[in-house]
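Protein chains: 4
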Amino acid sequence: MHRDRFYTLTASCPDRTGIIARVTGFIAEHHGWILESSFHADDEADRYFMRIEVKADSLPFMLAEFRTCFAPLANELALDWQITDSAVKKRVVIMVSKQEHCLYDLLARWQSRELNIEIPCVISNHADFRGFVEWHGIPFHHVPVTPDNKPQAYAEVQRLFEESHGDTLVLARYMQILSPELCVAHPGKILNIHHSFLPSFVGAKPYHQAYTRGVTLIGATCHYVTAELDQGPIIEQDVIRIDHADSPDDMVRYGKDIEKTVLARGLRYHLEDRVLVHGNKTVVFR
Amino acid sequence: MHRDRFYTLTASCPDRTGIIARVTGFIAEHHGWILESSFHADDEADRYFMRIEVKADSLPFMLAEFRTCFAPLANELALDWQITDSAVKKRVVIMVSKQEHCLYDLLARWQSRELNIEIPCVISNHADFRGFVEWHGIPFHHVPVTPDNKPQAYAEVQRLFEESHGDTLVLARYMQILSPELCVAHPGKILNIHHSFLPSFVGAKPYHQAYTRGVTLIGATCHYVTAELDQGPIIEQDVIRIDHADSPDDMVRYGKDIEKTVLARGLRYHLEDRVLVHGNKTVVFR
Amino acid sequence: MHRDRFYTLTASCPDRTGIIARVTGFIAEHHGWILESSFHADDEADRYFMRIEVKADSLPFMLAEFRTCFAPLANELALDWQITDSAVKKRVVIMVSKQEHCLYDLLARWQSRELNIEIPCVISNHADFRGFVEWHGIPFHHVPVTPDNKPQAYAEVQRLFEESHGDTLVLARYMQILSPELCVAHPGKILNIHHSFLPSFVGAKPYHQAYTRGVTLIGATCHYVTAELDQGPIIEQDVIRIDHADSPDDMVRYGKDIEKTVLARGLRYHLEDRVLVHGNKTVVFR
Amino acid sequence: MHRDRFYTLTASCPDRTGIIARVTGFIAEHHGWILESSFHADDEADRYFMRIEVKADSLPFMLAEFRTCFAPLANELALDWQITDSAVKKRVVIMVSKQEHCLYDLLARWQSRELNIEIPCVISNHADFRGFVEWHGIPFHHVPVTPDNKPQAYAEVQRLFEESHGDTLVLARYMQILSPELCVAHPGKILNIHHSFLPSFVGAKPYHQAYTRGVTLIGATCHYVTAELDQGPIIEQDVIRIDHADSPDDMVRYGKDIEKTVLARGLRYHLEDRVLVHGNKTVVFR
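From first to last, the protein sequence lines are chains L, H, P and E. The numbers in our numbering rise by one with no breaks, and the one at position 148 of the first sequence is 181. The numbers in our numbering rise by one with no breaks, and the one at position 269 of the second sequence is 302. The numbers in our numbering rise by one with no breaks, and the one at position 153 of the third sequence is 186. The numbers in our numbering rise by one with no breaks, and the one at position 203 of the fourth sequence is 236.
You may find that some hints are simply not true.
Pairs involving identical chains hold if they fit within one copy or between any two copies, as the list cannot separate such chains.
Claimed, not checked - With a cut-off of at most 35 Å between alpha-carbon atoms, the simulated DSBU-like pairs for lysine-lysine come out as follows:
{"id": "1", "residue 1": "K314", "residue 2": "K238"}
{"id": "2", "residue 1": "K131", "residue 2": "K88"}
{"id": "3", "residue 1": "K238", "residue 2": "K88"}
{"id": "4", "residue 1": "K183", "residue 2": "K122"}
{"id": "5", "residue 1": "K314", "residue 2": "K131"}
{"id": "6", "residue 1": "K238", "residue 2": "K222"}
{"id": "7", "residue 1": "K123", "residue 2": "K238"}
{"id": "8", "residue 1": "K131", "residue 2": "K183"}
{"id": "9", "residue 1": "K314", "residue 2": "K88"}
{"id": "10", "residue 1": "K88", "residue 2": "K183"}
{"id": "11", "residue 1": "K88", "residue 2": "K123"}
{"id": "12", "residue 1": "K131", "residue 2": "K222"}
{"id": "13", "residue 1": "K183", "residue 2": "K123"}
{"id": "14", "residue 1": "K88", "residue 2": "K222"}
{"id": "15", "residue 1": "K222", "residue 2": "K183"}
{"id": "16", "residue 1": "K122", "residue 2": "K222"}
The hints are simulated quantities; they were obtained by calculation from the structure and are not laboratory data.
Construct the complete structure from the given sequences, taking the supplied hints into account.
Structural data, given as structure tokens:
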């Protein structure tokens, strides 16, 4: 963020010898300056993962030409790949319900340019945060959700997301379950923050579940949303210590601090193309 | 917060036998219902510390009468004591410079009533956050500080703090050093968040100091402000892991997450009368 | 441990006014010097919990007489109570299988008197650690367990535990499931260390389950053993961060560090009478 | 450890384009299978660091020939490099005084083959652990240190270390200060565990210093020993939470759990050639 413009190449392919040499060889041939690089072999899946940042002005061509020149090698290695440009801000649509901690947190990070993104709009099933969001110059859409209007409501969400050319949809304590259609339409693009240390306490009221079981740590999980509730690939998690004196209300309060931090970290990894999804798991090149 | 109105008695005295029995005996005599109680004997200082929450409506009298009735026993035990009422909101004045993370965080907690306080005003040496603060309906005072106007500037801060009947002054990443007069005038009332794990890296640019020393964890410290820079009694601290790949800029970014959490926790302990200062140390009844 | 001899009173009772006053009043009447005291009201269960350490030589009587004198008050308050003497070492029987990390760790703590206990014997379903245990002067019993001899084997374990007047039975990575009879016969006396952050990953091979789910933290849980596998009251837990590069074998290795620390902490709380069981939960006065 | 034999190449050089391509190109040319690889550019120092694990039997030659073939490229890139063979166990000499926690911990890890090392001997300034060490079949040398015999004592330590062909000398809570000669003779080979979170609390009785300052977390630091006390490059650190109720003795006890874990982690990184020293800092490829 505080650096020169760069391109980020992420890729995975079947494991074999010479992958790094071939890919970095291509970059070196064109005098590309590598700022950061990470590699990982998943032995079980026999698959290779990589992420490489190249200084944009060290290369003799722009992204489109990179794509053309690189394609033959990518084909040869059977790479599943993408490349992004740090100068193109990602467009992040935020969904929220009635709790403000994640919303305030994300807007503070956006305001200070810690998150170098565009926020084309915020969507909520309640109208509470309209004033706050609009004060920041961000459009706010109130899309109420009732037991009867779900298909229409999520069709509207999908329309808003697409109309605003969103790259990423963040459920920042959005307390409704998205329609399966919406989840399936945007794999690896919808992030949720779940207020438990998954796989413990799936579903509703996880802090109350934690209280009943008598655990000594509570947590939060940032994961990609799939059609199966709270079962998507995990990006980031963290926990905080509690004890017998903490009521479920205390846990809710402590939990908020973990939720917003874990969501912000997971979102950052996602936006910086540090997360590669593989089956129901992730490789996170921190 | 989610409970009935209660009184919080905090006290310390020379250690002897029978302290708990006498104090809780007084409460029991008047049929007081104890919600929470904590006791600590400091062997080195030979001093006893306590904090007791009593349900307000379990007692036959109000705070003023409690004070009168309790005074003889307090004198006998040589108690240094105070009692507060959960129904009386504390008044917290916030000071900030150009970084928004702690300000947004505190206002979100105030907005959601997680912090059950009044914020009579925000004071800053820059004008940047006027709009944001005023949008929340909170008065904003711009008090510029230059090498030449320090005495007048801090006299103005003191005037604003007193005029707004502030109980607590929070330096939420306020990047100037307060005048010794101001510090001395309000012992145990001014909280600062220092961006290092004290006593490491006192003073300016602690993350750069941490980078140079090559530590593997960075931290933040919430402490009471005294006339001696970064030397006041510590209330709360926490750390986060970094590694060789993190630049000072990365550390600044990670550090913010620790800073706002540690400040919020320390402030909560302070506001709930959980912090008893003793010499340059604290007893924190979490 | 580094202090004068003391008695530890632990108790719980239905909540009402005056409990602390009455109990500490009794102690004060007899000039008892309270070293440490903790109280907790469980609002949901409407039950009160306490733990009080009294200096032995500040009282005019010994434990037996304390019991007699205190009984009327205890009856009046409907206390469920016990009192122990720091001069009487608890007798801890250790059970182990083929992994040494918890065994070495516990013996090091016993050797250095960090754990001020007697270890009357170690019981194992394998003979591997006979030499190591006996070198420390501790009797070692090899009680093999096969699919066919379980009832006899656990009858033998029970006989050894009772014959050695054990207070506590510690499963220090004992990889067999105890018989329900043994569990039921010693409620609140058998501690297990489970190699996951319960309630996640109950049962066999939790690290492999964690690997498959792709979590970012793994943990360990010290809990009392009940007849239901991995469902007993939790005493202590902790976690450690992992990432995509960690294989199940790596997790097993990292996990050991958490397991031994969590077991040692949970055991210490138990031995110092800091753990009060209530239903399937604990109050831990750390 | 649980893998096939492999070679580990570690290297650093001035930063330029094409480094990864050239080095991995060399490996690919010889059909080397890369198991793990890490790269880091230190922008400030303008220096590049790398660590690559290559499967031994994927290469057509052994280590000696690798060295010969690789030398021209290494020279061209001005690499400061080394390569090690996972089949050659490192030889680790342990020094200890009167506290057993790190010694028990290291021997348990060695016994279980978690640490795949040889321990040619243990050296101590006290005789206490002779029996324990010798029971494990490891030679024990008692080298007393008095104010008068330091030069001779450390000459003897140096002789024992060299005679046993030690690769690494671990100060596992060895409570004497090594002679500068010994430190200077083995740069990057002597590891110490310091019982504070450096740079806080350098020197003697750090837990007492921490108690006096009233910090809320205490820590431990594993670092390379240099001639300047507690100032060497840091490899690993960690902390644990304490509070006002903890005496210096309690801190000493808690601290031990951190010390042994941090030492074990730091030692593992060192033994697996994951630590590259650069000035007074380290790059640790975890």
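Here is what the structure says about each hint:
no., hint, verdict
1, K314 to K238, "both (25 Å within a copy, 19 Å between copies)"
2, K131 to K88, "between (42 Å within a copy, 31 Å between copies)"
3, K238 to K88, "between (46 Å within a copy, 29 Å between copies)"
4, K183 to K122, "within (31 Å within a copy, 42 Å between copies)"
5, K314 to K131, "both (30 Å within a copy, 32 Å between copies)"
6, K238 to K222, "both (25 Å within a copy, 32 Å between copies)"
7, K123 to K238, "both (32 Å within a copy, 31 Å between copies)"
8, K131 to K183, "within (18 Å within a copy, 43 Å between copies)"
9, K314 to K88, "both (29 Å within a copy, 26 Å between copies)"
10, K88 to K183, "neither (46 Å within a copy, 46 Å between copies)"
11, K88 to K123, "within (19 Å within a copy, 40 Å between copies)"
12, K131 to K222, "both (23 Å within a copy, 33 Å between copies)"
13, K183 to K123, "within (28 Å within a copy, 44 Å between copies)"
14, K88 to K222, "within (26 Å within a copy, 37 Å between copies)"
15, K222 to K183, "within (21 Å within a copy, 51 Å between copies)"
16, K122 to K222, "within (15 Å within a copy, 43 Å between copies)"
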